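Colleague: Residues per chain, in single letters:
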Amino acid sequence: MSESLGLLGLEQAERDSCVACGLCLPHCPTYRVTGADTHSPRGRIALMQVVDEGIAPLTEEIVEAFDSCIQCRACETACPGDVPFGHLMESTKEVVESTRGRAPWWLKLGLRALTRPTLLRIGSSCLAVAQRLRLVPSRRLGLPDRLPLRRRALRATGDDVWLFTGCVMDAWQRDIHLATQEVVEATGTTVRPTGDAAPCCGALHTHAGLGDGARKLAARVMSALDGDNAVLVNSAGCGAALKDYGRLLGSDEARAFSARVFDIHEWLADHIDEMDANPLEPAIAVRVAIQDPCHLRHVQGSHMAVREVLEPFVSEIVELDDEGMCCGAGGAFSLVNPQLALDVRDRKTEAISRSRADVVVSANPGCSMHLAAAGVTVRHPMELIAEALRAR
Amino acid sequence: MKLRRRTRADGAGQRHDPCVAELIRALGADRVRADNAARHLASADASMFIDGAAGPVCFPDSTEHVQAIMGVAARHDRAVLPRGAGTGLSGGAAPLGDPIVVSTTRMNRVLEVDVEDRVAWVQPGVVNLDLTKQVASSGLHFAPDPSSQQVCTIGGNVANNSGGPHCLAYGVTSAHVLAVEVVLSSGEAVVLGGLEAEPSGYDLRGAFVGSEGMFGVTTKIAVRLTPDPESVKTLLLAFDAVSDAAATVGAVIASGSVPAAIEMMDKRCVAAVEDFAHAGYPRDAAAVLLIEVDGPRRGVEAETDKVAEIGRAHGGTVRVAADEQERALLWKGRKSAFGAVARVAPDYYLHDTVVPRSKLVEVLEAVYEIVDRYDLTAVNVFHAGDGNLHPLMAYDSREPGVNERVAAAGREILEVSLAVGGVLSGEHGIGVEKRDFMEYQFTSADLEQQALLRRSFDPHCRLNPGKVLPSAHSCADIASLSAFKADGVWG
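Chains as they are written, first to last, in my numbering: chain A, 1 to 392; chain B, 1 to 491.
Please note that the accuracy of each hint is not assured.
Stretches of chain B that chain A covers, calculated by requiring three or more beta carbons in the stretch to come under 8 Å of a beta carbon on chain A [to be verified]:
1) 31-39
2) 81-89
3) 101-110
4) 342-348
Since the hints were derived computationally from the structure, they do not count as laboratory data.
Predicted model, so just to flag it, every value in this text is computed and none were measured.
Glycine included, C-beta positions come from ideal geometry on N, C-alpha and C.
Starting from the given sequences, assemble the full structure and let the hints guide the process.
Modeller: See below:
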């Protein structure tokens with residue numbers, strides 16, 4: 001296949017599979033807020049084509065067109081031709097990063113910190129103290145209002161399944177892991193949290209075009225989570241990344257690993273019958289709006305399971321009317337492209353207020369922090385389910 | 001006319017275009033893009049036609065902005081090209097003559113909705129389906145529904161007088177536009193038409209709708225909103241022969257029924273669509289018809305039975321969508337058909353002709369014969385109810401000589417359609433695609449009158465020059481307008 005690779009390392013068949021019909025445009029958050037073809041999936045692919053073929057030089061504006069992509073992959077869901085946009089963009093970003101070094105120094109530093117859990121926890125506790133001393137403009141930085149000062153410990157109860165705990169989520173949202181473990185155990189399944197042995201899935205590295213870093217992390221996660229047990233993931237972004245190791249590393253071992261990765265909702269939907277809960281018990285009286293993280297809806301396609309598992313525990317579920325449009329968080333996107341991220345988020349918060357929901361659930365830490373910074377009350381579905389179980 | 005072909009060049013740097021500074025002064029830097037990336041992407045629509053390159057791309061958000069652009073264009077004697085979502089299929093938004101591109105994508109507000117009078121004022125960049133979604137809670141919708149309705153703009157619908165499956169019963173865009181505010185090439189903003197039932201004077205609105213961006217830039221549109229039908233039924237009919245499907249179409253119409261939509265897809269189209277939509281289309285059928293009837297509940301039930309009976313009498317099997325979900329899925333498949341062709345080949349030429357319904361079978365057979373003869377892949381999906389054919393040729397533009405074969409096959413399909421009493425275009429417009437075929441259908445005197453009409457709106461032929469009218473009849477040749485670089489963006 002190597003003869004078919006152009007300057008961006010794209011496979012010709014994939015690159016040219018777009019017929020430019022434009023059906024992706026309304027589903028692209030950055031096209032929606034800018035109206036610019038350079039900020040659309042069709043436009044980005046057309047630019048990849050001319051650069052890959054050596055027709056056009058890699059100009060600043062073309063790099064900007066690629067950098068402005070949130071990689072939400074809503075265009076893939078919309079595409080009747082199955083163009084593998086996410087893969088094309090990841091390959092493109094990797095080449096652009098290696099030739100241009102686009103990722104800012106602070107992002108690379110931050111990404112390195114993600115792979116050092118102790119450092120990350122100390123850093124985040126320092127940040128929590130600074131927050132309480134009002135030294136940090138949390139909202140402007142998109143941070144949660146009150147980072148935890150200390151975290152309750154996660155303890156293994158057995159070896160039935162792994163619970164992937166990840167990096168930022170473990171440092172900042174440990175309570176969600178505890179709730180998740182509680183819910184999984186309610187089905188009679190024992191849980192081993194992955195903890196520091198598998199510190200980071202590498203998703204953010206992939207999105208930033210840091211392919212080598214991502215592949216190293218993937219290998220580390222796989223060797224730490226040896227065996228045949230299911231790996232449950234409660235972060236949509238991490239789940240999508242772990243499920244993509246097969247393609248990222250291209251080995252049988254990686255494909256086998258990816259096959260035992262499950263989004264927590266997907267897994268729970270299959271095990272909810274094993275839960276010792278009386279369906280006649282009252283559900284929590286809240287009107288819940290579901291915000292589908294893009295990497296759950298457009299990449300993993302597991303978003304319906306969220307509704308299925310939540311439905312018995314809450315009084316009302318409402319759908320947002322924006323057909324799963326991205327919230328603008330995009331992993332580190334909101335840090336690198338703050339204005340665009342805010343413009344995209346405005347559309348989401350408008351959809352949320354139209355829904356008149358009491359609470360929004362989101363199964364991805366990036367989305368929930370990005371929305372919380374806009375003043376939206378966001379919970380993880382597992383937190384609501386754990387709460388409902390405790391009330392019974 | 002040239003077909004899209006990627007050519008290698010050394011990658012020229014940015015050029016200096018003297019009108020850019022003035023555009024930036026008039027609109028602000030964030031509303032003007034003069035870089036090669038933006039110009040490259042504004043150089044094509046969703047068709048295969050490309051013949052020039054775009055000049056600077058502007059993103060106005062008001063009538064005043066568009067007037068300012070027109071002023072700059074006049075001072076620099078530049079052409080102006082309005083552009084919506086760029087989903088056109090006739091090269092109407094493919095630039096000729098290095099034009100200043102007026103992108104309407106930021107003019108995307110619904111300005112006013114009058115539920116009682118069923119009228120909405122919208123900006124031209126409002127996406128067709130977005131308007132329908134916004135008024136859905138009032139039980140209304142915007143009736144023209146091109147297959148691209150989820151992305152195409154209402155300004156583009158006005159420019160092309162767009163149709164769509166449901167235009168069989170509801171009429172094309174022109175029947176749903178009450179008034180348009182237009183910026184003429186002089187920079188003057190005028191309102192054509194009006195909200196009153198019978199506006200006095202000549203119907204200039206009627207002349208404007210379908211003028212393909214050559215009469216003026218639309219800046220506001222008053223559209224008619226249509227009440228949702230009380231009841232809707234969608235039938236999927238499958239046939240072993242294309243001719244049986246075509247005969248069914250004729251028989252349904254002859255029976256006095258006017259379904260809301262009658263769509264046909266052939267076997268190859270069904271396969272591509274089913275791979276994407278998983279709507280349960282039968283892959284083994286030679287052709288399927290998607291027929292929708294709507295109206296008062298009782299009438300719909302009776303008509304559904306009648307259509308089903310006619311279908312069975314012609315050897316078809318009939319499935320009626322049980323619920324809204326099944327119905328939506330069937331339509332999702334139909335409306336994704338063009339994009340789904342990406343599964344067949346990386347390029348397509350989507351044709352658009354209209355033939356008398358009685359000639360459907362004859363013309364379809366000829367289409368398959370022609371496309372086979374040129375060694376191309378034919379996929380057929382079209383508005384059967386009004387005889388609006390969309391033969392689609394799937395191909396790979398990298399194959400040497402294929403573009404010439406596609407063009408020749410396209411011409412033959414057109415000749416066959418015209419020979420049986422058809423017309424050049426149903427709904428995609430003439431653009432550059434059919435421009436040089438206009439003489440097949442119109443006499444020299446006809447074309448001269450059309451050119452006169454155009455000149456009465458735009459005496460300098462500044463707006464979207466080089467489209468629709470063959471060169472002998474277009475007024476000022478585009479060569480007389482300034483252009484900095486006639487070739488592609490990157491040489």
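Colleague: Hint by hint, note whether the structure agrees.
Modeller: Here is how each hint holds up against the structure:
Figure legend: the region 31-39 of chain B, annotated as covered by chain A; annotation consistent (5 residues with Cβ-Cβ distances under 8 Å, at least 3 required). By the rule of at least three residues with a Cβ nearer than 8 Å to a Cβ of chain A, the coverage given for the region 81-89 of chain B holds, with 3 such residues. Three residues within the 8 Å Cβ limit are the bar, and the region 101-110 of chain B against chain A gives 4, so the coverage statement holds. For the region 342-348 of chain B, the assignment as covered by chain A holds, since 5 residues bring a beta-carbon within under 8 Å of that chain's beta-carbons and 3 suffice.
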